[in-house]
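Please model the complete structure; the sequences and the hints are all you need to start from.
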Amino acid sequence: MARTRDPLQANPLECDTLCFMGTNVVSGSAQAIVFATGGGTWFGQLAGRVSEQESEPNAFQKGISRVSMLLIRFMLVMTPVVLLINGYTKGDWWEAALFALSVAVGLTPEMLPMIVTSTLARGAVKLSKQKVIVKHLDAIQNFGAMDILCTDKTGTLTQDKIVLENHTDVSGKVSERVLHTAWLNSHYQTGLKNLLDTAVLEGVELESARGLAERWQKVDEIPFDFERRRMSVVVQEQDNVHQLICKGALQEILNVSTQVRYNGDIVPLDDTMLRRIRRVTDTLNRQGLRVVAVATKYLPAREGDYQRADESDLILEGYIAFLDPPKETTAPALKALKASGITVKILTGDSELVAAKVCHEVGLDAGDVVIGSQVEALNDDELAELAKRTTLFARLAPLHKERIVTLLKREGHVVGFMGDGINDAPALRAADIGISVDGAVDIAREAADIILLEKSLMVLEEGVIEGRRTFANMLKYIKMTASSNFGNVFSVLVASAFLPFLPMLPLHLLIQNLLYDVSQVAIPFDNVDDEQIRKPQRWNPADLGRFMVFFGPISSIFDILTFCLMWWVFHANTPEHQTLFQSGWFVVGLLSQTLIVHMIRTRRIPFIQSRAAWPLIVMTLLVMVVGIALPFSPLAGYLQLQALPLSYFPWLIAILAGYMTLTQMVKGFYSRRYGWQ
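Under this note's numbering, the first residue of the sequence shown carries the number 1, and numbering increases by one thereafter.
Since the hints were made in silico from the structure, they are not lab data.
Predicted model, so just to flag it, every value in this text is computed and none were measured.
Note that the Cβ used here is the ideal one computed from N, Cα and C, for glycine as well.
Take the hints with a grain of salt, since some may be wrong.
Per label pair, the in silico range of CB-to-CB distance [unchecked claim]: (1) W568 with D529: 36 to 46 Å; (2) N263 with G412: 49 to 59 Å; (3) K193 with T343: 33 to 43 Å; (4) D92 with P650: 28 to 38 Å; (5) K535 with W614: 20 to 30 Å; (6) A331 with T283: 18 to 28 Å; (7) N379 with L274: 23 to 33 Å.
Listed below are the simulated DSBU-like cross-link pairs for lysine-lysine, each with C-alpha atoms no more than 30 Å apart in a straight line [stated by the list, open to error]: (8) K131 with K409; (9) K388 with K335; (10) K335 with K131; (11) K135 with K161; (12) K129 with K173.
Take a look at the structure:
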C-alpha cells in the first residue's frame with residue numbers, strides 16, 4: 001500500500017465510494033464522512049451551472065413559441081411591404097409609416113401570453129376541484145394529449161388495503177411458525193416499511209408480538225434493494241446461535257435456498273419439491289393473492305456485519321399471502337379511459353399470475369404477459385415493438401419501467417405514468433406527464449407533474465377531460481389570431497395597392513385591435529363540444545398553417561366586397577370621402593373579426609348546434625355594440641369616424657351573413673378532409 005497525492009478517479013461520478021448531495025437512498029445503510037457541503041458538493045456545482053442555463057422547453061412551449069415566431073415573422077415581412085406600397089402609391093411616407101406600424105401592432109400576438117396563461121390557470125383551478133393538483137401549468141396540455149397511461153397495479157386498480165390473507169408452510173397448511181418468523185423480519189426492519197410489513201405486524205396478536213420481541217433480539221440487518229427483491233434481519237435468542245430471516249419475492253428466495261422445511265423435516269430443494277412449491281404458489285396467485293416467501297438460516301454467533309453473501313443455503317419455511325381487492329370504481333374508470341382514447345398499460349413488480357387475475361376482475365384484457373427477464377433480454381427496437389401491443393408487464397424493476405416509458409415516447413406516443421413509490425421515480429421523470437398521489441413518497445411527488453388528491457383512475461379520467469377542454473379553448477384563440485391576421489394583411493395589401501387613400505387610419509387599426517382583444521378575454525370560460533374531448537388533443541403546428549391558408553382568405557373576400565360596396569354604392573371613392581370609407585370598413589372588420597370566434601370555436605353550426613358560454617357571448621355582443629356605436633358617438637370626430645347611413649346596415653347584415661355562411665361551408669369541408677381540433 002502506498003500513499004499518493006494524485007486523485008484516484010478523474011470523474012467523481014465513477015467513484016463507487018462517494019455519496020452525493022441531492023440523491024435519495026433507495027435501500028441499504030451505511031456510515032459516511034461529510035467532506036463537502038453546499039456549493040462545494042458536486043450537486044452544488046451542478047446547481048450553480050444549471051441556474052445559469054434555461055431549462056429545455058417542452059413540446060407545448062415549443063409549439064407556442066413556433067406560433068408566436070410565425071406571426072412575428074409574418075409581421076416583420078408584411079410591415080415593410082405595407083409601408084412601401086402605401087408610401088409609393090400615396091406619396092405620404094410619414095402617414096404610410098404610421099399605418100405600417102399600426103398594422104405591425106395588429107399582427108403582433110400581444111394577447112397570446114395572457115390568453116395561454118389565463119386558460120391554463122383556469123384549467124388548473126378547475127382541475128383542483130376535481131382533486132387534481134397541477135404542479136406545472138404546461139402539464140395540462142400533456143394531460144389532454146396523453147394517449148397511453150402506464151400505471152402500477154397496487155392502489156390504482158386495487159384498494160391499496162393490503163390484508164394478510166393466510167400464512168402457510170411449503171405444503172400449503174396454515175403455519176404459525178411462518179407468521180411469527182415473518183413478524184420478526186418486519187418488526188426489526190429499520191428501512192421504509194411498506195403495506196405488506198404493516199399487514200404482517202397487524203396479523204400477530206399483541207400478546208404474541210410482545211413475547212416474540214422479548215425472546216428475540218436484533219443483531220443485524222441486510223436492507224432491501226430492487227435488484228435482490230428481498231431483505232433479511234439477523235436475530236438472536238438466548239443461546240449463541242444467530243438466525244437469519246429472509247423475506248422477499250418467491251423466485252428470489254428460491255434462488256438462495258437449498259433446503260425446505262416440509263412436514264417438520266428439513267429436506268433438499270430438488271425438482272420434485274420445486275414442482276410442489278409451484279403448484280401451491282400458483283394456486284394462491286390465481287386467487288389474486290400476492291405471495292411472499294419466508295426463509296431462514298442458522299449461523300454461529302459472530303462479531304461483525306452480515307452481508308448479501310450470507311443470504312445463501314437458506315431453508316424455505318413457507319409463504320405469507322396478501323389480498324389487495326380491486327376497487328369498485330376501477331372497471332368503469334378503465335372503460336371511460338378507453339372511450340377517451342387512452343390505452344392503459346400495467347407496469348408492476350408483482351407476479352404475472354396475481355396481476356393477470358386483477359386485470360381479469362376489472363375487465364382489462366391482459367393478453368400475453370411480459371416479465372422483467374424478457375424486458376432485460378430485448379434490445380430497444382424489439383422492446384418498443386413489444387411494448388406497443390402489450391398490456392401487462394410483471395416482475396419489473398424500476399429501470400424496466402423507465403425504459404418502457406421512454407421507448408413508448410420514442411414511438412410517438414404521449415405517455416403518462418402513475419406511481420407513488422420510490423421505485424416509480426425514474427419512470428415518473430421519463431414520462432411526458434408524471435402523475436403521483438398526495439400520499440406518495442417525497443421523491444415520487446417531487447418527480448411528478450400532477451398530484452392526485454385521491455388515488456383513483458376515475459379522478460384521473462376527469463382530469464384528462466378537463467385538460468383537453470383547457471387545451472381546446474387555448475387553441476381557439478391561436479387559430480383565430482393566426483387566420484384573422486393572415487386575412488387582414490391580405491386585405492390591407494389589396495386596399496393599399498388600389499385605393500388613393502389609406503383603407504383605415506392607424507388609430508382605427510389600434511382601436512379595432514384593442515376591442516377585438518377585449519372580446520377574446522372570455523375564451524378561457526368557453527364551453528367545449530363533446531367530440532373535442534373524446535380523443536387526445538395534440539399540438540399540431542402543421543394543422544395551424546393549413547388552417548390559416550383555408551380560413552384567412554375568407555375574411556379578405558368580404559373585406560374586398562366591403563371595399564366595392566363603399567366605393568361604388570356609397571361613392572366613398574375620393575380622399576374627401578375617405579372617412580366614410582374607413583368607417584364602413586372599420587365596422588365590418590371589427591364585427592367579422594369578433595364573430596369569427598363563434599364560427600371557429602366549434603365544427604358544428606354556431607348558435608344552433610353549439611352555443612358559446614355566456615361570458616363569451618356577452619363580451620362579443622358588447623364589443624359589437626361599441627363598434628357600431630363609435631361612428632355615431634361624440635367621440636367620432638376625435639377618432640376621425642363618421643355616422644354611417646341607415647342604408648349601410650342591410651348591406652352590413654348581408655356581408656356578415658355571407659361571411660358566416662361561407663365560413664361554415666369551408667369549415668364543413670375542412671373538418672371532413674382534415675379533421676377538427
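Okay, the hints, checked on the actual structure:
no., hint, result
1, W568 with D529: 36 to 46 Å, "41 Å, holds"
2, N263 with G412: 49 to 59 Å, "57 Å, holds"
3, K193 with T343: 33 to 43 Å, "34 Å, holds"
4, D92 with P650: 28 to 38 Å, "35 Å, holds"
5, K535 with W614: 20 to 30 Å, "27 Å, holds"
6, A331 with T283: 18 to 28 Å, "25 Å, holds"
7, N379 with L274: 23 to 33 Å, "31 Å, holds"
8, K131 with K409, "27 Å, holds"
9, K388 with K335, "19 Å, holds"
10, K335 with K131, "20 Å, holds"
11, K135 with K161, "27 Å, holds"
12, K129 with K173, "50 Å, violated"
Hint violations for this structure: number 12 only, all remaining hints satisfied.
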